[in-house]
Amino acid sequence: ETGVTQSPTHLIKTRGQQVTLRCSSQSGHNTVSWYQQALGQGPQFIFQYYREEENGRGNFPPRFSGLQFPNYSSELNVNALELDDSALYLCASSQPGQGGYGYTFGSGTRLTVV
Amino acid sequence: AQSVTQPDIHITVSEGASLELRCNYSYGATPYLFWYVQSPGQGLQLLLKYFSGDTLVQGIKGFEAEFKRSQSSFNLRKPSVHWSDAAEYFCAVGGLQGAQKLVFGQGTRLTINP
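Going down the list, the sequences are from chains A and B.
Here the first sequence is numbered in the numbering used here, starting from 1 and rising by one per residue.
Here the second sequence is numbered in the numbering used here, starting from 1001 and rising by one per residue.
Certain hints may be false.
As the list claims (entries may be wrong) - Partial list, computed: chain B residues near chain A (C-beta under 8 Å): (1) T1030; (2) V1037; (3) R1077; (4) W1083; (5) F1090; (6) F1104; (7) G1107.
Claimed, not checked - The following label-pair restraints were derived from C-beta to C-beta distances: (8) H1082/B x N77/A: 21 to 31 Å; (9) L39/A x I1011/B: 27 to 37 Å; (10) P1040/B x L11/A: 13 to 23 Å; (11) A38/A x D1008/B: 11 to 21 Å.
Honestly, the hints are just simulated from the structure, not real lab data.
From the three backbone atoms N, C-alpha and C, an ideal C-beta is built for every residue, glycine too.
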C-alpha cells in the first residue's frame, strides 16, 4: 500500500510569482485535503476535493485554488505569492465511509517566499 | 466555530517519566477528536482518535487519551516516555457535517531529557 507522496519537497519562490504543488493520493483514497502549516503553528484547512469537485474550503483567498484528477491525485495552486504564504503545505488523502477522517498525510512541501 | 487550545507550547520530561499533554476544544455538538504527532521534517501521524463509546481511547506507541465532555478536554497520556517520543504533538477536532475538515491546536513540543 503506497502512502501519500508530495512534490517538490522544498522550493523557493519570489513574491508575486505563482506556484503549483502536487500530491499523489494513497491507493484507494478518493478524497484529498490540503493544509497550510506556518512555522510554529498547527495546520490550517485550505480545501478538500472529492471526486474532482471542491467539497469544502477554509478561510483562504481565491488565489489559492486546486484541482483533483481522475486518478485522485491533486494540485494546489497559489497565485500572486505573498511573504506570508511561506509555510509547510500538507496533503492528506482519505476514503469517506471507512471510519471517517481516515487521513493519511504526506510529508509536505516546504514553500519559502522571498 | 470549532477551536482547539493546547495550553502548553513546550514540555520537557525525563526519559521514563509519565506524560500528559493537555487539549481543550470548543464545539457545539459531539466532536470527533484526534491526536497527531509530527517529527521534524515529517508529515502528521495519527496516534489515536475518539468518535464515540468508551471515553478512554488507546492508540499507537503506548499512548492513550481520555475524553471528558464536562471539561471539554481530550488529554493525551503515556505512562513512560522514550527518547523517540520527542516530537510535536497536535490535538484536532472534526465535525460530523460537510467536509471532513480538521481544526488543529497550536501544538505542544515535547523534549525528552536523558
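Evaluation of the provided hints:
1. T1030: 13 Å, violated
2. V1037: With a closest approach of 11 Å, the V1037/B hint is violated.
3. R1077: With a minimum Cβ separation of about 20 Å from chain A (threshold 8 Å), the hint on R1077/B is violated.
4. W1083: 22 Å, violated
5. F1090: Status holds, d = 5 Å.
6. F1104: OK, holds: F1104/B within 8 Å of chain A, min 3 Å.
7. G1107: 5 Å, holds
8. H1082/B x N77/A: 21 to 31 Å: Since H1082/B and N77/A have Cβ atoms about 41 Å apart, the given range 21 to 31 Å is violated.
9. L39/A x I1011/B: 27 to 37 Å: 19 Å, violated
10. P1040/B x L11/A: 13 to 23 Å: Holds, at about 19 Å.
11. A38/A x D1008/B: 11 to 21 Å: 19 Å, holds
In this structure, the earlier hints numbered 1, 2, 3, 4, 8, 9 are contradicted, and the remaining ones agree with it.
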